[in-house]
Amino acid sequence: MKREFPLFVTAAIGLFMILSFFVPHQAVSVPADFFQQSAVIVVAFGIVLGGANLLRVNLEAVLKRQAGWPYRLVLIAGLLVMVLVGLIEGRDFQAAGTRSTWIYDQVYSPMSSAMFALLAFFIASAAFRAFRIRTPEAGLLALAAFLVMLGRVPLGNALTAWLPEDLRLGSVAEWILRVPQNAANRAILIGAALGVMATGLRVILGIERSYLSGEE
Amino acid sequence: MRQLEGLARLDRRWIFTVTGLLVLIPLLWPLNLPLTPSPPVRAYYDAVAAVPDGSHVLVSCDFDPAARPELEPMTRTTLRQLFAKRCKVVVVVLYPGGARLVDQIVREVATERGALYGTDLVNLGFKAGNEAVMVLMGQSIPNTFPRDQNGLDVGTLPIMRGVRNYSSFPLLVSISTGYPGTKEYVQQVQGRFHIPIAAGVTAVAAPTMYPYLQSGQLLGLLGGMAGAAEYERLMHESGPASRGMDAQSLAHVFVALCIVLGNVAQWGWKRREGA
Amino acid sequence: MLSCRTASVLAILLLGIVPGAPAALAQSQVIIVPPPVIQPASPSAGSEAPRNATAGGGTPAPRPARGLNWEDVPDDAGRALDLTWQLSPDDTLHLPLLQGYHVMRSENPGGPWTRVDSLAAGVSSYRDQSVTLRRDLPYFYRIDAFGPGGVTPQGSVTGPAIAVSQWFNHTRWSVLALTMLLFTFVLFFIQSAQGEGKTPFVRRIPGIDAIEEAIGRATEMGRPVLYVPGIQDIDEMQTVQSLIILESVAKTTARYQTPLKVPVTYPIPFTIAQEMVKGGYLQAGRPEQYDPDCVQFVSPEQFAYVAAVTGIMMRDRPAAHIFLGAFFAESLLLAETGFATGAIQVAGTANANQLPFFVVACDYTLIGEELFAASAYLSGEPKLVGSLKGADLMKLVILVVVLAGCLLETLGYHGLTQWLATQ
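Chains as they are written, first to last, in the numbering used here: chain Y, 164 to 379; chain D, 25 to 299; chain B, 34 to 456.
These aren't lab readings, by the way, just hints derived from the structure by calculation. Note that the structure is a prediction, hence the values are computed from the model and not measured. Keep in mind that a hint or two might mislead.
Reference excerpt, derived from the structure (chain B facing chain Y, CB under 7 Å, subset only) [as the list claims (entries may be wrong)]:
1. D108
2. S198
3. W200
4. L209
5. L215
6. Q274
7. V393
8. F405
Ideal Cβ positions, reconstructed from N, Cα and C, are used throughout, including at glycine.
Just chain Y, with the same shape it has in the complex (with noise of 0.2 Å):
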């Protein structure tokens, strides 16, 4: 039954949500959408048990001193402010000149926006490092991305203005967009939605079920 229930439950749900994409009638729709606004409050209830769980195993390794616990701490530490800020200043707490706004405008945001900067220096450092042209396949993939990186930017226009219209820069990265990524790219697509439906369809019905639990 502890393997069984859920099981069923995830064929009967699965099956459903795909006979309501082709079933308007109000018999399917109306508890479709029920299933729909469900899913947003687990979502929603997920996220308040990641933060006890987060809570939960780190203050363990705080406790147990295990190696790195400072780390746990200070990421404890953050945690409960957060949250605690959050709670005293109430349903305004996103407006202007509250603490939760200055942690998110001072802290939060040029610390996520620090972290997706460093892919600029990592970008130029795996391009010296590891754009090996040891094929023509490679040396075809090194021109295109000449040819997309000058493009896209005003200087590749700019070095190219003396030729027609069609021949510069920034038209022909277009083109390589438009045409032989596109090919490619629908064709990742392609494979990869087969892969996820059928995946999906194995999940549902239940012939793919090692991730329910370990135990056979």
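Knowing the structure of chain Y, use the given hints to seat chains D and B on it.
For chains D and B alone, coordinates are given in the frame of chain Y:
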């Protein structure tokens, strides 16, 4: 040959340093390189321009501070174009880390353009649930978002009178950084509810949106800061995206150079080992 | 000859069986009622107001709209009705006699009338999908033209208009057909593989073979294996697939007695990952070596997660990194930092825009659907490999359809494209 050896063993911190300088210098001393709007950007601009004046437009801003440099400029420019057409803008946020940022952007542009909150604009705020929320909005937006970002009952707001679901809007503008975002709107909403969509995404996600652009599922596409800068150009503005394009130009040239130098160094190293 | 009763019964049966018959029979039925006295518009909305022909100081009221028709909106749950009419002759740019139209609705042909909406001049159609519209209930509609001189109701009322639920969305036939075809292929090959008892052929996937090699390398160096199952929640199929593969990886690490570290972003994948690792150790016959702390819940926040994982890479120096699942901007950060530590790296994702970063920075990359093939490839179970075969056959069908569609479009035949486009 010794130089090539040195190049092959180059400490990557030198690469980081040069990248940093090439990005910083043009921000301080702009090059003012000319911008030419590309067809997807023109299509985006035309899609927004084609919306009848005074219509309601749904704008889904699904990004967080990490994607701010690329997506904030295009969000601001889109709002300006909509307010110039006296459109009523309904904003939703499906990205948890972006609610505060989007609210700030929306209010600043509204103040700049004299748009009244509640009459010309409403921010319905963040809702957890990803695709489920997108589909629920197709049934009823007031039921999905009973209160706005500030906790006001949406039924009391003049802008929300007559807003039912996607059919109340001639256009959905999706500005997104990842999941949930434009791809999910195309998959879950465009096919079911037939609302025209124009999208702005980060540069890395733009190539994956081209199939949808070509099939007509997206009316227009802004890709990253370059797309935002071209859009600013069409709107006759010179905003942060336009100013950032000089830095991006030099960075792109440097990355191309890194590919060349890396291969030259590798070639030289192989020759030395073979000799 | 049929009796009246028999004919009526047959008609009802036909209506029930033949799709579209109710819609066909329920075409506009115009009911003529004497036009009421024209009176001026009242500012109050939502109810019929008294009207006066000369309220605008001598300006005449506009002439009425004509030819009002209704139609049930197809393929819905009976929540909408479409109305169309011919514009009033005064609906021109030059004569400012008409400002717009009121859409009036009633449950009886003689009223009382409720204003459903007001439309601008020049509009000759409207979809009534107001929340007050109930399915299977007959309504009557009237279009009132209004202007400075007053309101003129239409001379005729249309109805009874009934919004009906449909059991099938006819515009989605193509999606249903292709979906059923895929499901048929997958189920057939699963059955066939189980019946024959032998595993169908799957080509070698170097990236998956490299996973065991990577674990072996970590064992030789005495360092742990880092497994990153993507950054999305359990509702993403890539995460499900990655967690399934985790069991095989855990079984291998248990066999080699190599420590395993699994940082996870969301609570539900976290609990499943714990179960999968435990299951792997059980299958390897080493349950006592299972360490529950090897699976760590980190953060759903993208860059907080990547900061934590890169910290693990720099401090613990795992010798093998396995990135399988859904990744976004953090893919290059993870891969490049991992390279700097000298680890062997195997990655796989169906997010096409992240593949270039993994291809450049990792030793092996599983591209797109190779990730979904991994669990079948590793386990070798006939039913899982059978489903791969089904999906491959579907790909062949799509290929043929694409080629056929291109040819037909080139020749000017659009039927196939129109049938395939979801409405």
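- Item | Cut-off 7 Å, beta-carbon criterion: hint that F405 of chain B touches chain Y | holds (3 Å)
Does L215 of chain B pass the interface check with chain Y, least Cβ-Cβ distance below 7 Å? It holds, given that the least Cβ distance between L215 of chain B and chain Y is near 6 Å, below 7 Å.
| query | Does the interface hint hold: is S198 of chain B within less than 7 Å of chain Y, judged Cβ to Cβ? | reply | Result: holds, 5 Å to nearest chain Y Cβ.
**Prompt:** Once the shortest beta carbon distance from W200 of chain B to chain Y is found, is it less than 7 Å?
**Reply:** W200 of chain B check passes; min Cβ-Cβ to chain Y is 5 Å, inside 7 Å.
Open item on the list: Does the closest beta carbon of chain Y sit nearer than 7 Å to the beta carbon of Q274 of chain B?
Closed with: Nearest chain Y Cβ about 6 Å off; hint holds.
- Message: Quick check on the hint: D108 of chain B CB to chain Y CB, less than 7 Å?
- Response: At about 6 Å, which falls below the 7 Å cut-off, the nearest Cβ of chain Y leaves the hint on D108 of chain B intact, so it holds.
Requested in this report: Classify the hint on V393 of chain B as holds or violated, based on whether any CB of chain Y lies nearer than 7 Å to its CB.
Outcome: For V393 of chain B, the interface hint holds, since the closest Cβ of chain Y sits about 5 Å away, which is under 7 Å.
Does L209 of chain B meet its interface restraint, that is, does its C-beta lie within less than 7 Å of any C-beta in chain Y? holds (6 Å)
The structure meets every hint from the earlier list without exception.
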